[in-house]
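Visitor: Chains as they are written, first to last, in our numbering: chain A, 1 to 128; chain B, 1001 to 1145; chain C, 2001 to 2320; chain D, 3001 to 3662.
A few of these clues could be false.
[To be verified] 30 angstroms max Cα-Cα, derived BS3-like pairs, lysine-lysine:
id : chain 1 : residue 1 : chain 2 : residue 2
1  : B       : K1117     : D       : K3340
2  : C       : K2070     : B       : K1128
3  : D       : K3570     : D       : K3184
4  : B       : K1117     : D       : K3607
5  : A       : K20       : B       : K1117
6  : B       : K1008     : C       : K2300
7  : D       : K3023     : B       : K1060
8  : A       : K23       : D       : K3487
9  : C       : K2066     : D       : K3607
10 : D       : K3471     : C       : K2070
11 : D       : K3483     : A       : K23
12 : D       : K3487     : D       : K3506
[Said to hold, decoys possible] Chain C stretches covered by chain D per the calculated footprint, using a threshold of three residues with CB under 8 angstroms from any CB of chain D:
id : stretch
13 : 2084–2098
14 : 2218–2224
15 : 2293–2305
Treat the hints as calculated values from the structure; they're not laboratory data.
Note that this is a predicted model, so its numbers are computed, not measured.
Built from N, CA and C at the ideal position, the CB exists for glycine as well.
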Amino acid sequence: MSTVNKAELIKEISGVNPLKCMKCGKCSASCPSFNEMDIKPHQFVSYVVNGDIEALVNSASLTKCLSCFACIERCPRDVKPAKLIDAARQLVIRQKGETMLSPNEIPELLDPETPQQLLVSAFRRYRR
Amino acid sequence: MPINKEFKPKIVAFCCNWCSYAGADLAGSSRLAYPADVKIIKVPCSCRVNPMFILRAFEKGADGVIMCGCHPGDCHYSTGNYYARRRMTLLFSMLDYMGVENGRTRVEWVSAAEGVKFSTTMNEFVEKIYSLGENVRLGDLRCKK
Amino acid sequence: MQKIVERAKELLADGTVNRVLGWKKGDMCFNPEPAFFETAEDLDENFVYGGFCGANLSKYMIDASKLEGKTLVLLKPCDTYSFNQLINEHRVDREKAYIIGVGCKGKLNIETIKQSGVKGILNITENGDMLNIETLYGNTEMKYSDALLERCHVCKGKEHKIYDELIGESQDTSDRERFAEVEKIEKMSPEEKFAFFQKELSKCIRCNACRNVCPACSCRKCVFDSTKFDSSQKANTDSFEEKMFHIIRAFHVAGRCTDCGECSRVCPQGIPLHLFNRKFIKDINEFYGEYQAGADVDAKGPLTEYTFGDCEPSIVKERG
Amino acid sequence: MQRIGVFVCHCGSNIAATVDVKKVVEMVKTEPGVIHAEDYQYMCSEAGQAKIIEAVKEHKLNGLVVCSCSPRMHEATFRKCAERAGINPYMVEIANIREHCSWIHKDMDEATEKAVILARAAIAKVNLNAPLQAGESGVVKRALVIGGGIAGIQTALDIADAGFPVDIVEKEPSIGGRMSQLDKTFPTLDCSACILTPKMVEAAAHPNITIHTYSEVENVSGFVGNFTVEIRKKARSIDMDKCTGCGLCQEKCPMKKTPSEFNRGLGNRSAIYTPFAQAIPNVPVIDRNACLKFKTGKCGICSTVCAAGAIDYTQVDTMVTEKYGAIVVATGFDMIKLDKYDEYAYSQSKDVITSLELERVMNAAGPTKGHLERLSDGKAPKEIVFIQCVGSRCADGRGKGYCSKICCMYTAKHAMLIRDKYPDVNVTVFYIDVRTPGKNFDEFYRRAVENYGVNYVKGQVGKVIPQPDGKLLVQGVDLIDNKQILKEADMVVLAAAIEPNPDVRKIATMLTASIDNDNFLTEAHAKLRPVESPTAGIFLSGVCQGPKDIPETVAQAGAAAVKAIGLLAKDKLMTNPCTAKSDELLCNGCSKCANVCPYGAISYEVKEINDHGIRETRRVAQVNNALCQGCGACTVACPSGAMDLQGFSNRQIIAEVDAICR
């Protein structure tokens, strides 16, 4: 898949129009995992706009985002960076040809450093 | 939705001068496209639209008629659209009662600021008319046969 | 009937009224027609009042209001609604009318009698609850209540809404749901509805009887006769025109129609025209609150009024 | 049959790029009534108009169809052009082939076909057009200004100086408006009261100005040049003629714990009060909801102490009815409510305040006598954080979509004033953009940074967290450094968005003036008629039309005044000739039309009619052309078709329908 297509796919999955962003930074200001992230929430938008999806997909932010939705809640332009990162995750999942994780596999994969909230959030979002 | 390429619907849109016609102008200056099947007739107010005009359009082969006016409460003449609302409600109800598909008639309140709404409304309406197909129930049957 | 004639003669004699508006005998017992009477002799000779006097006389008062002096007009309970509506629209002059509210126990429909299989009717006489029918083929009888006009089955009541004096007893003959027929059509599929009206309306010969008899359809010149809408009167040239005519006719009287049923009574083709008017009445009642045209002389009428919270036209779609 | 000329405009490439104008010309030539058709680059230009005039002369045309931009743009131009060519201006129809065609369609064939149909509809209509003559109506030489803030005061002064009487209606007990609440004004930092109060005094003393304070417009009828307005003067409970403004009543009033609206609820006032010391008129009002006398019947201290005997508890609202030729709306603005912005802790901490509240705090007559202090504990703050764009530029439905325009500048002002007076206080401003278009505005902002050391941080604040020790933890971001910032502040100031005064919608409805979704009044033309409402005779002054600072407001107030003066200076106005007209021969006299007329323009006359030889006395409808605005409600209410609308007649509209459905 070309980078252009991936960027389009991210927009489609997330339902977000990144061009609405006015670069105010309120997402990064709200983010509880800001310091853990290599690509900061307000930067997600420009990565999608510029089509640099590879970097986004490989970034630590993918796992560090807690899906707490503070940025979605507070974004004044309705851009919702968390939805973008979420779409990037979906992209990874779909690439691997898997759409779900069996609960039995989890203990093995579990990193003790992983925040609780991320786990809860992941279950909330990916169970089918 | 399968679109019949042969079918070019005729759609008459009555727009009040103050809000909806200006809304259509705004849609134009914002380059918000909607199908060319829609032709707009300017009236001073939605209350100028006589049911006769709507029936006449159907008689002459229109496939859909839409009336747009200022939002209730915003009428340039203060009360015109309130009367229009009652008139059109009763007329549409009667057409429905007589077996005319109720998607062929529509009233939408579009302000001068709602170019986007004007365009989306027209797109929806045209799509609806395409899905209903040609207006065989109301047109001049004998001439067409 | 005799009481009415006596009183009419008195009022003519003492100069209270210059003429009497009533019904005169027709060529058959079942077709009396509206007429003006100016002398006692004329009254004695030609006046009639009976089960077949269904004609609503209020519309004739438009012309009578322009004549010299007062006119004695005989109104049945349901006719008084029409008269009130005409006062509301400044079409008749209350001062020019002397109203005798006449008793009514429901009016008869000759078509109903004929449809029951009775042929060659010579004479029909009322006998209490029964009708004695003389025919070429012998005598028969029928219950009075079985021969009523459609409108009498949905009678508005025995109360006269306006009168100067009352003569005779009235009774409420309603025994059907007023909107039952309308509801039945509303429940049909669009195809069935269309087929129903197509069938009924294709019978229309544009004789204009419905329009000419209607007390609400009283324009000096109908839009279908004038050049104002490029719709001047002519025979229907296409299948749509009769629909347009009947929709517009009903629309023009919407909120003004008292549901007197004259349109259906006079239609020579037997089109149930009241179904249009009654649909508007039903909608008005549902959307804007109960309204009976002619019940209140000072009412503004539902189509010349509004409230901020009126339903949107899309209700037609939502209601399904 | 008319002799019609069709003129198709290219509008440069605006139309010609998508519509084959030559083909349109060819196609319409065969339409009934069309004698001549041509196209031109710019029909509205002088050269284009000259072509029209030439064609009228050459072909003896009596009707024109111009296929061009929206009639809202150039209908008036082409009507004037027709007049110059010697034909009636109402014999012109516009086919809108730009906004309704070329601009929205991409396919050339499709757009051309539609343009031809639109032209045909216009031609069909012109075939039925009749020359119309505009009537005349008089002008009442008096203006009404709704709102007594700086916009209203300036407009009133300008109109009054031109020699016309003006009434100001202000709903508060004093004129002065928002500006009277401000401490200093940018970019010069002069004291707001010092420049406003002289204007207030001037307005009060002006022989041509009448001020109705504590009053509201209750009803408006009529039309341009001749409005009738009912004004409710709310019961002040004070005899304005007797009151000397000594202030003793306020001093003695026992009910001193009522939140002061003027101080944005940060301080208290008495139940009998003037909003502020320099109030005009300097006559208090009794707040009947707060007054002990009105609540319990016991008290009456103010009446006892008033030497002038001015207190009158029995006063009731009075109605004043006055006629005006022009009405200026100057209803101003308020700050938005911040209840949807929980993240800034506005409702949780007294030390999170709006900028307008800060104005009161900084003002010497304010609740803290001008000392900068925390409202929670009265301590002097050491760290102050300003947050920009709170509720402005929001597309998420919580705030306003527009930029409030004034916040960047007033925040720079606040920051500068604080740093000037309290150099030990650190000031941080979180901004998205700093917008400083205006004379000396950017210099002002740079001064705040360069000379006063205000710390501007590009980024937003995500959250303000009140701490147990009373401090406020501000979590923001510095987008330039790409760092999240956690900062302990003593005070947080929110630059809340401004919104039009909520009452304006009610007023706009009364005036039938159009208003947008944000409650700003719409101007007749966004660029060319910015101080007029589309409703004739209504003018817009100040923030009711859009966000503005003081210099802009004053400029617009002057412009609105000039427009109003231009109207009042006329002796006669030409009326809209597209009015309803009743055919006496068809009229039933049923009153349906009069029932729906919003202007009371229809009356009934009993007169003798000659109906094709039959002479009869009939009751027939008469339309007052000066009152009729041409909406057409009556035409549909009329069952017989006797009532018709000139310029939009039944036959004309039907001809258009037929042409489109052909």
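Visitor: Look at each hint and say if it fits the structure.
Guide: Tested hints:
no., hint, verdict
1, B/K1117 x D/K3340, "27 angstroms, holds"
2, C/K2070 x B/K1128, "60 angstroms, violated"
3, D/K3570 x D/K3184, "41 angstroms, violated"
4, B/K1117 x D/K3607, "50 angstroms, violated"
5, A/K20 x B/K1117, "19 angstroms, holds"
6, B/K1008 x C/K2300, "44 angstroms, violated"
7, D/K3023 x B/K1060, "25 angstroms, holds"
8, A/K23 x D/K3487, "21 angstroms, holds"
9, C/K2066 x D/K3607, "13 angstroms, holds"
10, D/K3471 x C/K2070, "93 angstroms, violated"
11, D/K3483 x A/K23, "15 angstroms, holds"
12, D/K3487 x D/K3506, "44 angstroms, violated"
13, 2084–2098, "holds (count 3)"
14, 2218–2224, "holds (count 6)"
15, 2293–2305, "holds (count 5)"
Comparing the model with each earlier hint shows violations of hints 2, 3, 4, 6, 10, 12; every other hint is respected.
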